[in-house]
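Colleague: So the chains spell out like this:
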Amino acid sequence: MTDPLRPSDHADSTSDDVTQPRLGVVGWLRWGWRQLTSMRTALVLLLLLAIAAVPGSLVPQRSADPNGVTQYFTDNPDLAPVLDKLSLFDVYTSPWFSAIYLLLFISLIGCVLPRTKHHWKALRSQPPRTPARLSRLDDHRSRTIAVDADADADAVAAAAVESAAVQLRKSGYRVARYDGRGTFSVSAERGYLRETGNLLFHGALVGVLIAVGVGGGFTYTGQRVLVEGQAFANSLLDYSSFNPGRFVSGDTLTPYSMTLDQFDVTYVPPGQPGSGQAGDFVAHVTTQAPGGDPQDGEVRVNHPLDVQGDRVYLLGNGYAPTVTIRDAQGNEVFHDSVAFLPQDANMTSLGVIKVADGLPEQLGLLGFFYPTMDVLPSGALTSTYGALEYPTLTLRVYEGDLGIDDGTPRSVYTLDPSGMTQIAGGDSGNPAIQLMPGQTEDLPNGLGTITFENEAPAGAVGYEGSVKRFASLSIHRDLAGPWVLSFALLALLGLLAALFVPRRRMWVKATPQGDSVLIEYAGLARGEDPTLAAAVDQLAAKHGGSLPEASGSAVAGGAGAAPARAAASDSADAGGAGAASARAADSASAETGGAAAADPDPASADAGGAGAAPALAADSASADGTASTTPPQSHPDTGKVD
Amino acid sequence: MPGTDPLLLDEISLLLVWTAVAIYVLAFIAYAIDLARRSDLALKAKDEVVARELVTAGGGGVISAGGGSSASTPAAKPRYLWARLGTVLTALGFVFHLVATVLRGIAAERVPWSNMYEFAMTGLLLIIAVYLAVLTRYDLRFLGSLMTGLAVLLLGGATLAFHVEVVPLADPLKSVWLVVHVFVASLATALFALAFGLSVVQLIQTRRERKLAEAPVDAAPKRSFLRTVPNADALESLAYRFAIVGFIFWTFTLIAGSIWANDAWGRFWGFDTKEVWTFVIWVLYAGYIHARATRGWRGTRSAWLSIIGFTAVLFNFTIVNVFFKGLHAYSGLTT
Ligand code: HEM
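Each protein sequence line maps, in turn, to chains A and B.
The first sequence begins at 1 in our numbering and counts up one residue at a time.
The second sequence begins at 643 in our numbering and counts up one residue at a time.
These are computed hints drawn from the structure, not numbers from a lab.
Hints should not be assumed to be uniformly reliable.
For the chain B half of the interface with chain A, some residues (derived, Cβ under 7 angstroms), not all of them [what the hints assert, rightly or not]:
{"hint": "1", "residue": "Ala678"}
{"hint": "2", "residue": "Ser681"}
{"hint": "3", "residue": "Asp682"}
{"hint": "4", "residue": "Ala803"}
{"hint": "5", "residue": "His805"}
{"hint": "6", "residue": "Val806"}
{"hint": "7", "residue": "Pro814"}
{"hint": "8", "residue": "Val818"}
{"hint": "9", "residue": "Phe891"}
{"hint": "10", "residue": "Ile897"}
{"hint": "11", "residue": "Asp905"}
{"hint": "12", "residue": "Phe913"}
{"hint": "13", "residue": "Val918"}
{"hint": "14", "residue": "His932"}
With beta-carbon atoms standing in for the labels, derived distance ranges [stated by the list, open to error]:
{"hint": "15", "chain 1": "B", "residue 1": "Leu656", "chain 2": "A", "residue 2": "Gln71", "range": "31 to 41 angstroms"}
{"hint": "16", "chain 1": "B", "residue 1": "Leu649", "chain 2": "A", "residue 2": "Ser486", "range": "45 to 55 angstroms"}
{"hint": "17", "chain 1": "A", "residue 1": "Ser240", "chain 2": "B", "residue 2": "Leu649", "range": "57 to 67 angstroms"}
Covered stretches of chain A, as calculated for chain B (at least 3 residues, CB under 8 angstroms) [stated by the list, open to error]:
{"hint": "18", "segment": "38-47"}
{"hint": "19", "segment": "269-283"}
{"hint": "20", "segment": "293-305"}
{"hint": "21", "segment": "471-483"}
Just so it is clear, the structure is predicted and the values come from calculations on it, not from any experiment.
Just so it is clear, CB atoms sit at the ideal spot from N, CA and C, and this is done for glycine as well.
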């Protein structure tokens, strides 16, 4: 038996599906295992997996869209907790989703292991015996060759079979000779690669899963915001957020430093299609490993930078206005470039400045930055363009306790004004502070002054370069990636082989019959094989050419692909795949001297039927493997094809 | 292209798209008439066969030469004139469609598949291309009305709803993977579409075959275009063949998409909505392929899976692109 091993409920399987469990624990266990590793279970689990994946696209997921989840809780305060209980915000790590794919993979392993063992054996065994009656097979051709009176029919038959064996071996078949009982035959099989591919595919899927699961533990990602001119060292302390895999500790980070020299972006000018759209983001950085020379690098969208095995990605960017605050005596109490988070496509940005020391009370400033400020009819300010055409910074000022001294971590991007008094902007009685680069204003209540620094180099025209930019970088070390990719590519390769390599058996049998030898060719598909008929035709034709007495021979085909169904539906011009399952009656007899008529049914004119080589007008099977659905009639005295 | 105005090019392209849609409408009508007339032709042809077999019984004439022995009957083999017309029109529409797509690409100075309108344009171009290419090997003209219908509905609909001016590409789209990933996905979609059509006809054919099997032997045959269509088995194995090629392309799409995602977003997989749906479709077709190999699932049930699979493909392209929130926000439609 060299057939691939299949679960008992496989469509090609001959074993009985319903096996009653034998009594006893072992019997039940075995039965349960059989169920788990059956085709039907695999199918049901696959479909369940597809269905189970859907909710994760309907409800925001914590992993992909944490803000969306928060928003969902705000919008649906009653529903959200219920969904949360059902893990619907973490579908892909939920117990039920995990259960489905784990069961699927257990089933997969349980299915693949015995098949691998079986296939391993099959790879080293011989093709099976030649069946006694080849004419019973779907694809069968025969020809009779005359033997000269002084020649030995047995020798002719043996030679014919040997030449067929050579021919088959050359076309990649594994062959075995089976002679005896007055016949000579060769049995050939090819397409073991199909099963190899199938096993490779399924095995590689397990590989993908393991690579994702294990490799994820060795992966880390960290985020960091860098303002132009700022540097960063690759250590835990220097990240603004860090997500390590299970097996990553802080001291496994490769030491290096990175400085953001410049961040560039271009805008589509007004009046052109897509005007205002930003693009070509580039972060120019200098990196340096300990003891190494500084190196220039670029981080772009789609083009992460490789640094010492880490990959640096560009996540976002924005403006970082530089602000200086002095107390009433003119002493500097704050000087920094503060990253403002963009709120819209025209870079209206929001930021917070916190002055913890140096003034009588702590100061919090809530700022809006507009690179190209304009006033809406309502009087509100807005930005109409992302580049620095008319940069304006407005600030509301709060005085009091910033709440940063009690140890609770606070985001640098938010200001909690409860417990503070607003002293500029809003209802405070003082107008909000409004500045352009280079300008200085007084703080309310004589607290001091605030300056919006102009960072443009001396002599610059306009506001270009007057405000620094920041880049938000994401730094990754991903050990899983290459493995996952390799396994995925292996799976693809395996899939190609599993789906497109035909697995088939071929037999050539020669039977001496007095002064002639009957030569039969037959093929049998193992699994989906739409080109079998053509392959048998080809084998017969090519072999015929190599026969010494080919002149007097003729071939008739029994490739009847004419099941009752086809006849019933008059299926005519479809050229539809030659129903490989159809068992043809032994039609077109081998003795027929002439060729069988092609296509008695005129309706099937389009089928490309009768495509076989003239010398071998098989009664159906066309060259491309499609079979016309003609009933297997032969017309001995019509249509002699020359 | 210096000297040519992209706006003008796009306008010409748009005009050609509408011409293509109009021609597809005509092709659809021709194919529909063909289907309506087919059973008649087939019946007549059958009578003709009977008549001619009587004639040729004693003679040695080659059958195909025997046509027209009687002047009063139509040509012996049903010549699906309307189907032929449908195919010619489809090919003509395809030419306009192709030129429109190429012009759009020239106007944009990049591949014409980077927003919803362009996806639809290129995707349907490929569907029609694959259909026409397959016609040279298999006579699948009975799917013509379905294919042209799909083209009219989706191309017309996309042009109405999704047409946007040519604007520069957003940064994340500037990648070779845009060229490869989206193109292969569209190709897979085209193959799935054909498999879908065949599966639909297979289901109808199965029903008819069942009825025929149950009907008394001497019952008058019902008129139906299905008489001229391959039997359910043949339809199924043909659908399977298109689906597996589509599946290979889809698998590649999935892998290429992950590589791109890793470059653009720093992770190869993140269960973004579009990723989820690509995965769901992949699993559905894996299920379909399995079903074909599972006893009790071959035939009607696996055909349903092919239909569900393609529905998911369409859903992914339309609803998910427009209404679902995610990183793949490239519909080009501003909200
Ligand atoms: C992760 C889950 C699985 C996926 C995505 C999957 C996918 C596929 C695909 C795409 C094929 C077609 C390629 C080929 O014929 O080699 C296939 C075939 C096959 N699979 Fe799976 N499979 C999965 C799990 C399983 C399990 C659990 C079993 C065991 C019951 C199984 C048994 C088979 C068999 C026997 C075939 C050959 C079908 C044939 O003869 O045509 N698969 N699978």
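Colleague: Using the nearest Cβ pair, does Val918 of chain B come within less than 7 angstroms of chain A?
Modeller: 4 angstroms, holds
Colleague: Honestly, do Leu656 of chain B and Gln71 of chain A meet the 31 to 41 angstroms range at C-beta?
Modeller: With a Cβ separation near 38 angstroms, Leu656 of chain B and Gln71 of chain A satisfy 31 to 41 angstroms, so the hint holds.
Colleague: With 7 angstroms as the cut and Cβ atoms as the points, is Pro814 of chain B at the interface with chain A?
Modeller: 5 angstroms, holds
Colleague: Minimum Cβ distance from Asp682 of chain B to chain A below 7 angstroms?
Modeller: 13 angstroms, violated
Colleague: Examine the segment 471-483 of chain A: at least three residues should have C-beta closer than 8 angstroms to a C-beta of chain B.
Modeller: holds (count 4)
Colleague: Given Asp905 of chain B as an interface hint, is its Cβ closer than 7 angstroms to any Cβ of chain A?
Modeller: 5 angstroms, holds
Colleague: Does the nearest C-beta of chain A fall within a distance shorter than 7 angstroms of the C-beta of Phe891 of chain B?
Modeller: Check failed: Cβ of Phe891 of chain B comes no nearer than 10 angstroms to chain A, outside 7 angstroms.
Colleague: Holds or violated: the hint that Ala803 of chain B contacts chain A, with Cβ atoms closer than 7 angstroms.
Modeller: For Ala803 of chain B, the interface hint is violated, since the closest Cβ of chain A sits about 19 angstroms away, which is over 7 angstroms.
Colleague: Per the CB criterion, is Ser681 of chain B less than 7 angstroms away from chain A?
Modeller: With Cβ-Cβ at 9 angstroms, over 7 angstroms, it is violated.
Colleague: Three residues or more, CB to CB closer than 8 angstroms: is that satisfied between the segment 293-305 of chain A and chain B?
Modeller: The restraint on the segment 293-305 of chain A holds, since 5 of its residues have a Cβ under 8 angstroms from chain B and three suffice.
Colleague: Holds or violated: the hint that Ile897 of chain B contacts chain A, with Cβ atoms closer than 7 angstroms.
Modeller: Because about 5 angstroms separates Ile897 of chain B from the closest Cβ in chain A, which is inside the 7 angstroms limit, the hint holds.
Colleague: Hint check: is the beta carbon of Val806 of chain B less than 7 angstroms from a beta carbon of chain A?
Modeller: Since chain A brings no Cβ nearer than about 9 angstroms to Val806 of chain B, farther than 7 angstroms, the hint is violated.
In summary, the numbered hints that this structure violates are 1, 2, 3, 4, 5, 6, 8, 9 and 17.
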